[in-house]
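Protein sequence lines, in the order shown, are assigned to chains A and B. If you read the first sequence in this note's numbering, its first letter stands for residue 1, the second for the next number, and so on. If you read the second sequence in this note's numbering, its first letter stands for residue 1, the second for the next number, and so on.
Just so you know, the hints here were simulated from the structure itself, not pulled from any lab data. Every value quoted in this text rests on a predicted model; they were computed, and no experiment measured them. Note that CB positions come from ideal geometry on N, CA and C, so glycine has one too. Any given hint could turn out to be false.
Unchecked claim - Coverage of chain B stretches by chain A, computed from C-beta distances (three or more under 8 Å per stretch; other residues unrestricted):
| no. | region |
| --- | --- |
| 1 | 52-65 |
| 2 | 80-86 |
| 3 | 91-100 |
Listed below are the residues making up each chain.
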Amino acid sequence: MLSKKVIFTGRSGLHAQPASKLVQLVKGFPDSKITLSAADKCVNAASMLSVLSLGLAQGMEVEVRVDGGDEEAILLSVVDFFASLTEA
Amino acid sequence: MKASGPAFLFIRRTSSGAAPLSFMEALEQVRRDLARYAEKDTLFAAHLEIADDPLLRETVEKYISDGLTEQKAIEAACAQICQTFTEIDDEYLRARADDVRDVFNRISRAVAGEVAADVDVPRGSILVAEELLPSDTVSLNFDHLAGIICHRGSTTSHVCILARSKGIPIAVGLPINAIRPGDIVEVEDPLVGTLPIAEKVRKAGRKLFANAGSVQEIRDAMKAGADGIGLFRTEFLFLGRPNIPSEKEQEAIYRNAIEACNGKPLTIRLLDAGGDKTLPWYSPEPEDNPFLGVRGIRLLLANPEILRVQIRAILRAAAGTKIIGKTRIMIPMVTRIDEVRTVRDLVGAEFALLGDVNGSIPVEIGAMIETPAAVLNAVELAAVCDFFSAGTNDLTQFVMAADRGNAAVSYLYDALSPAMKKALEMTVGAARFAGIPVGICGELASDPSATELLLKLGFDSLSISFS
Chain A
1 MLSKKVIFTG RSGLHAQPAS KLVQLVKGFP DSKITLSAAD KCVNAASMLS VLSLGLAQGM
61 EVEVRVDGGD EEAILLSVVD FFASLTEA
Chain B
1 MKASGPAFLF IRRTSSGAAP LSFMEALEQV RRDLARYAEK DTLFAAHLEI ADDPLLRETV
61 EKYISDGLTE QKAIEAACAQ ICQTFTEIDD EYLRARADDV RDVFNRISRA VAGEVAADVD
121 VPRGSILVAE ELLPSDTVSL NFDHLAGIIC HRGSTTSHVC ILARSKGIPI AVGLPINAIR
181 PGDIVEVEDP LVGTLPIAEK VRKAGRKLFA NAGSVQEIRD AMKAGADGIG LFRTEFLFLG
241 RPNIPSEKEQ EAIYRNAIEA CNGKPLTIRL LDAGGDKTLP WYSPEPEDNP FLGVRGIRLL
301 LANPEILRVQ IRAILRAAAG TKIIGKTRIM IPMVTRIDEV RTVRDLVGAE FALLGDVNGS
361 IPVEIGAMIE TPAAVLNAVE LAAVCDFFSA GTNDLTQFVM AADRGNAAVS YLYDALSPAM
421 KKALEMTVGA ARFAGIPVGI CGELASDPSA TELLLKLGFD SLSISFS
């Protein structure tokens, strides 16, 4: 298991489009269990509804956790995804 | 925009014709249906995503294994998932609860073996509903609706966006219990009509300002997403009262206005009385032609105490609030450069007299371009102004020499006649030359058919009426 904490920087929260992109990304790794934790909630990153229900807002801390598969590469791509949201 | 008509109470109709399905069969059927709709409308692609979501299936299955019937399990799962969305303080996410509920309704209907049936609404009705879900909108003929009232729902929900894009006023969050079928009801929706303008203005990278005649209208416009106030009429402070409002009273209103703008530009027009707007406490010499008489800045310069008090109140409000924004003073009916200079000098002098305030003058000063003289002399005028705003109502009447109230010459009153286009071009050109922003705040700005032309002419902001 690998994990990393990132700060959510998307200006208008994690809304449909970026959330959908994240879920698509995560679904590309069916052999891994990828979870997001924020504000005492821990959810399956492959579920759009769960991801949205985190209510991520700018400045919140999110922990990305990867279980199984090429953990290091997967973690990096999910963390990269969050970094790319700065402009959103 | 306002609409009224007989109320038609919406009842979701289904007909039982299909065979009842198990939850998994129903889910599969709903997925297939949504995949088909998704090709035409991206909203249903989002619904398909919800139907595909592992959380949906897992939650329903958990309730089924707890011993609930499939119908009850679907209801419970829907309530649980929606609950997490409505708890989040985010308008967008709260609206997503509608989508979740809609997908669950589809599944629930499929489990019961029901199919949605069209709802026949008589032409001209105001549709009154507890809630309208995207799947309901498919069963309605929007061309028959004069307006919509919903008890539940959010202003960013699918039905709101759909209704407004079709020019149908919609109100959400209103109590509907007392409405009986056939009651004549009225819907007022300030956002209808502004949407197409807003889209074009934003796409062009310009600013969408609002015209306001009270602090409440400023608040409403800000809530509706205006980039600022392009015309704050101050007449309401002066009309319908026996005396001149005091400096303190005015300051309080201007401060509320600045705070309502919350950092976005606020353009305060100095008292624009005279002409057809008479003041109870001011009786000028009778005029044969009041529209060409003592009005706008002329009236203020003739009564410098009114002007000074208004300027002081604006300066105090702008200097005294913690909100860092842009407060602009707009001078109405400018014909000569010295009118702007005089106001500028007065602002400087009054600011110096405030004494206890540090820093630079907290306001910008600009002219309303609404006389042919201002247009013809725009280059020189721009040199003493911080901004321009074209007031097309009066400008059209003066350029075309046609009284807008006279039906016999109304064919001449055309804000986009060749002469008026030239006048607007000259105004924008002079502002560009001086490097100052130029907006437009006449009724022309609120006309969606003129938006593209105004953007092409180069206006930096369109100030429209949101109500």
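Going down the list of hints, with the structure as the test:
1. For the region 52-65 of chain B, the assignment as covered by chain A holds, since 4 residues bring a beta-carbon within under 8 Å of that chain's beta-carbons and 3 suffice.
2. Counting residues of the region 80-86 of chain B whose CB lies closer than 8 Å to any CB of chain A gives 3, so the stated coverage by that chain holds, three being the minimum.
3. Counting residues of the region 91-100 of chain B whose beta carbon lies closer than 8 Å to any beta carbon of chain A gives 4, which meets the minimum of three for the stated coverage.
Checked against the numbered hints above, the structure violates none of them.
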